[in-house]
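Given the coordinates of chain A, work out where chains B, C, D, E and F should sit on it, guided by the hints.
6 protein chains.
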Amino acid sequence: MKLIPNFPTEPGSLLAFGAHPDDIEFGCGGVIARETRAGRPAHFIICSRGEAASNGTSRQRTLEAATDAKVLVATLEWLELDGDARLEIKTAHILKLAAIIRRRRPEIVLAPSCVENQHPDHSRLGRMVRDAARLARYGGIKELRKQKSHGIAHLLFYAVTPDAEPRDISPVLMDVSAPEVVAAWTAAMEAHASQLRTRNYVELQLMRARYLGQRAGVSHAMALFPNDPPVLDSLAALGRGARQF
Amino acid sequence: MKLIPNFPTEPGSLLAFGAHPDDIEFGCGGVIARETRAGRPAHFIICSRGEAASNGTSRQRTLEAATDAKVLVATLEWLELDGDARLEIKTAHILKLAAIIRRRRPEIVLAPSCVENQHPDHSRLGRMVRDAARLARYGGIKELRKQKSHGIAHLLFYAVTPDAEPRDISPVLMDVSAPEVVAAWTAAMEAHASQLRTRNYVELQLMRARYLGQRAGVSHAMALFPNDPPVLDSLAALGRGARQF
Amino acid sequence: MKLIPNFPTEPGSLLAFGAHPDDIEFGCGGVIARETRAGRPAHFIICSRGEAASNGTSRQRTLEAATDAKVLVATLEWLELDGDARLEIKTAHILKLAAIIRRRRPEIVLAPSCVENQHPDHSRLGRMVRDAARLARYGGIKELRKQKSHGIAHLLFYAVTPDAEPRDISPVLMDVSAPEVVAAWTAAMEAHASQLRTRNYVELQLMRARYLGQRAGVSHAMALFPNDPPVLDSLAALGRGARQF
Amino acid sequence: MKLIPNFPTEPGSLLAFGAHPDDIEFGCGGVIARETRAGRPAHFIICSRGEAASNGTSRQRTLEAATDAKVLVATLEWLELDGDARLEIKTAHILKLAAIIRRRRPEIVLAPSCVENQHPDHSRLGRMVRDAARLARYGGIKELRKQKSHGIAHLLFYAVTPDAEPRDISPVLMDVSAPEVVAAWTAAMEAHASQLRTRNYVELQLMRARYLGQRAGVSHAMALFPNDPPVLDSLAALGRGARQF
Amino acid sequence: MKLIPNFPTEPGSLLAFGAHPDDIEFGCGGVIARETRAGRPAHFIICSRGEAASNGTSRQRTLEAATDAKVLVATLEWLELDGDARLEIKTAHILKLAAIIRRRRPEIVLAPSCVENQHPDHSRLGRMVRDAARLARYGGIKELRKQKSHGIAHLLFYAVTPDAEPRDISPVLMDVSAPEVVAAWTAAMEAHASQLRTRNYVELQLMRARYLGQRAGVSHAMALFPNDPPVLDSLAALGRGARQF
Amino acid sequence: MKLIPNFPTEPGSLLAFGAHPDDIEFGCGGVIARETRAGRPAHFIICSRGEAASNGTSRQRTLEAATDAKVLVATLEWLELDGDARLEIKTAHILKLAAIIRRRRPEIVLAPSCVENQHPDHSRLGRMVRDAARLARYGGIKELRKQKSHGIAHLLFYAVTPDAEPRDISPVLMDVSAPEVVAAWTAAMEAHASQLRTRNYVELQLMRARYLGQRAGVSHAMALFPNDPPVLDSLAALGRGARQF
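Protein chains in written order, with this note's numbering: chain A, 1 to 245; chain B, 1 to 245; chain C, 1 to 245; chain D, 1 to 245; chain E, 1 to 245; chain F, 1 to 245.
Here chain A stands alone, though its shape is the one from the complex (with noise of 0.2 Å):
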């Protein structure tokens, strides 16, 4: 018995669902930088092309959510559903996400959260997801029979804004301080440029991240909240806790 934690050598994929093209990048796109930069291969499903925002044409966030995606060093794909600020809870888009699930086969599944006082999108597309990521599971649902059935290790929710952390889920705090992981994340908000006319949101996620750093004891840290409690076979795995004050 070994007190390192069993870790695999080979890391699974991390699959990361957003609402609109800004979403993933604003919500947990320091962890993607971290994670892509040892070795973890990144895929993006974005559900919209961001068409109800005040600023910014889809074409030109279609290619934004490009150039993000390559600096991310992630892979993107477009999943139409309903529309920006339209989405619905319908079985037919839970049956498409979990088809992408199968198909992708992620290790983790990154998704916003499901608190309700927030953009409607956000939070329906988090249930959706939650749900997608049971029936990926289940054997005998006729529209996923062409893929096997696939289990994830984690779902994880991120919150594009404060006031979509949940309350009812203890957070886990990822340490994203490394330059070079600050520096990607911030030219992939960047990227976004159409959104940051009006509203400075890339100094307000840098700006949240410092400050649940210095709740973390580090410089820069974002907040996931686990779907699942995470199962564990060594203490070590709990890294340290944020007891800074």
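It is possible that some hints are incorrect.
The list treats identical chains as one, so a pair stands whether inside a single copy or across any two.
[What the hints assert, rightly or not] Quick list of in silico lysine to any residue cross-link-like pairs, SDA-like style, CA-CA up to 25 Å: (1) Lys96 <-> Glu116; (2) Lys142 <-> Pro166; (3) Lys146 <-> Ser58; (4) Lys148 <-> Gln60; (5) Lys90 <-> Ala66; (6) Lys148 <-> Ser177; (7) Lys90 <-> Leu196; (8) Lys148 <-> Val182.
I should point out that these hints are in silico values taken from the structure, not numbers from a laboratory.
Just chains B, C, D, E and F now, with coordinates in the frame of chain A:
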């Protein structure tokens, strides 16, 4: 940047606090067994002789605790506070607990949960250990000046009984399924023979571990409740989630 | 810098949504009466004719609502969605609600609470109004382009029945004790004569207001639940706390 | 009936309690600065000399607090209870706190929050101030008979650190963005030079205020947590909600 | 006035809803066995054939459910909604469920809990049954007019898996320890042979019942979660509390 | 197996604890009146003479309590702890309370709730009674050895004021509508004439009971909060749910 989180090559020590001679074993004995088998040093502080229990003399219970600590490969130390079923929250106690933390310099501290609807000694000890872990870091407390200040990495709560599981902290589930771990833990609990005359607490705890194990997808698991959010430098540290159903 | 908070000299308008012809009156009628008497314009949107109720025809209930709005000095508008006891959460509905918000440009929006264990139309309307208040601000939604985007100052939830009071939002207690306010509110509720045949809802609501009033130290009070934290520029705005016991 | 709430023309005074010489400044100094600039008298009660801190002598800290109070235009009083990092919940303390409330007769009381997972002195002082605010109203307590009983208008909790923010009370966000307010608050925090040697607490608090400010739509905001629901006589008092995202 | 509460001499019937052929048995089969043995009529509504499961054909599962209902002395009825793993929240479904409630006129309704982090069909059915129990009471819904309105005495939620236990409702623990009850429940679960090939769900549920039984001081117990506070006319009705530790 | 739950033919006794001479009556007097009229013996322990109240001498209040107990057909005993508004949590107090529980051997214990934001004596007494009910069961506490250990059936919390109602325990609503029960309860409250000079607490409590009664579908109801989940052997024991709206 590596995918595998950074772990210390030399494991830090573990310090477990119990209000009664059998609390640590019944509440988190499987975790202790797992960690000591992996080479992590463990030390127990027991804060009463269990003299208020319906069965067992102080002398018997002292011997039982010694046997049990040996089985779990831990060292054992008695701390006299107010006596069994008499514990009160006092600064003098907190300072004593903080002095022990400074002397032992543990990486990880285990304490009973702070949930009030359980044996009153449990929640009071849990709250005082939480305070003591703070005071151990402060530089200006004169009773503590003899030892260098010390910041622990994690305070984790255990629940002696199901009712003591906190509702406002998300648990982590520790896999304690290895047969030698289950065997050691069982032997440690059975060392407390005086407590097993009227009710089969060993079977209760094993059933609880199997029940949690079924949630976790392993044969036996125990829940721990981190006082502070873990700060992690890789998603790999999260293991996999308890998503069996 | 003044102690007295800055208030607009010209009061913004209030827009109240109800799922049934009598929800606004029973849930927050006293607050409406108080505000309109102070010169704030009020407009009601009622989303069904109450045709699923045990008593009263659609025609009767339409007339009752008209009388009641007159008593409360509010204007009244009917919005047909799915019908009484049939409301579903749909993007099309949310867009209609958002269009109304843009057209009326209210400072304050009142809606039924999102607590699920109540009449299903109530929580669904509450959630759709919350989403609509967001969409009313976004610039790129094509159905809404005819009207300029609009950000409201406050979304406040009311609870038609005690069970509908949210447990996760701290209430504010509105003092509605002025005799003319109580009289207008009572008259507005009594306008719904068809609903008062089998149970005395007027007495229930008045008793509830007196019960809350006793907590608040006034004769009658009503609880409202702000969707978002109030941003205040002076402590003077907080009035005094409900500390009577 | 007027739309604008009734406000006293003569502002009632504010009484702030701190467990350590710098708690008030770091936890709610911006609010104090804003209120005193508007003419509200403020008085501080500090319950230890901060002698348990890693840095600073009692003498230094006493001087720092005096400077800081002057910057915030507040008067200052020391109350010796059990000493720094030693505070216990005792009736004798609560009576002393209640006597001060009777003597000062404040409209508003500020105290550290009751959240237990923070410096133990903070939550204990918060709980004792809450009890003291009750006892100050009761007529029959013999130690308090020399002064007339007094009922305060509001008890508001502040959080010295982010972890101390209560999860069961909805916050109000106080706008402290005026440049002269930020400047006075910053100067007040910087007066505690002994505490700033090892960590930049001033930057932490300013970043926290900017972070909350972004939620509130202003440059800097601080959160306060009312112990009791506000009783308001007009919706105008609610300002606007923090709905920026 | 008698100490013993008033109970109907003729037991009202019980109506249990399940999303899949085995949900009722696994989630509350012991309670059903206990009640039918005491003479209470029971009726099951199953809302899919379980065709999305990894094992078992629709035909097999239909037969298994029939066997199981026979063992539990209940009648069985199939209700086709959207199919397994496809359930959506729709007014049309709710009206169908309400029509069944009016037709069966039960005293007690059992439904899966509304906790979202479980099989999505479970929480959606639970929420629709809750709404249907309301609609069954309203007089004016035209699809329901053929049957007299009906108010149930209790809606009780069951949790098919531990994760589905609501955290915001206090449970009642039902003693299902009688050997013939355990035997009937076990046989009912074993009737679902197709589901038991890959995982031993029967053992899981029995272990869960023994685990809860240990909290309750009996050999086997099951938790139910009342949607509404019980109204009691005697403290004797409360039995005794689960205070074993 | 019978549908009707097993009830003792001989009712166990009820033991109610109050911090002040009128707490039991105001907080749960209607329930006491109902139970004693049904033949259940009741005994009151009052832990102060109410000497800190604004009105009434100790002597007057002692007489008032005696009258009131007579009206409720209960016996009365005074327990001197720390005095009114001075109660502290001490092991010595808990042992005294446990000794009373052993001596009286009640089936049911009533105590004020543990909610902290109320008169501090209330929550402290509630917490100490909860601990005492545990200690009364333990065999080895030397101060308690003179009496046989005793396990109660239920600890139920009452809320003297609305603010004292726990938010984390689901209530049970006790029907106290029988005219002779309301009359006895009213008379018991009116016995505390000294407390009724400045505020009409009797009317407050009756209104609260009518308000809860409306939720419960009866004329008057009182809420009790069980410390532990009830263990029931029949669904019939649950009465009917409060589903009036």
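Verification of the supplied hints:
1. Lys96 <-> Glu116: For Lys96 and Glu116, both the intra-copy (22 Å) and inter-copy (20 Å) Cα distances are at most 25 Å.
2. Lys142 <-> Pro166: Intra 34 Å, inter 31 Å, cutoff 25 Å: neither.
3. Lys146 <-> Ser58: Intra 32 Å, inter 20 Å, cutoff 25 Å: inter-copy only.
4. Lys148 <-> Gln60: between (37 Å within a copy, 23 Å between copies)
5. Lys90 <-> Ala66: This pair counts as neither: shortest intra-copy Cα distance 28 Å, inter-copy 31 Å.
6. Lys148 <-> Ser177: Cα proximity of Lys148 and Ser177: none, with 38 Å in one copy and 29 Å across.
7. Lys90 <-> Leu196: neither (32 Å within a copy, 30 Å between copies)
8. Lys148 <-> Val182: Intra 37 Å, inter 35 Å, cutoff 25 Å: neither.
Hints 2, 5, 6, 7, 8 from the earlier list are contradicted by this structure; the remaining hints agree with it.
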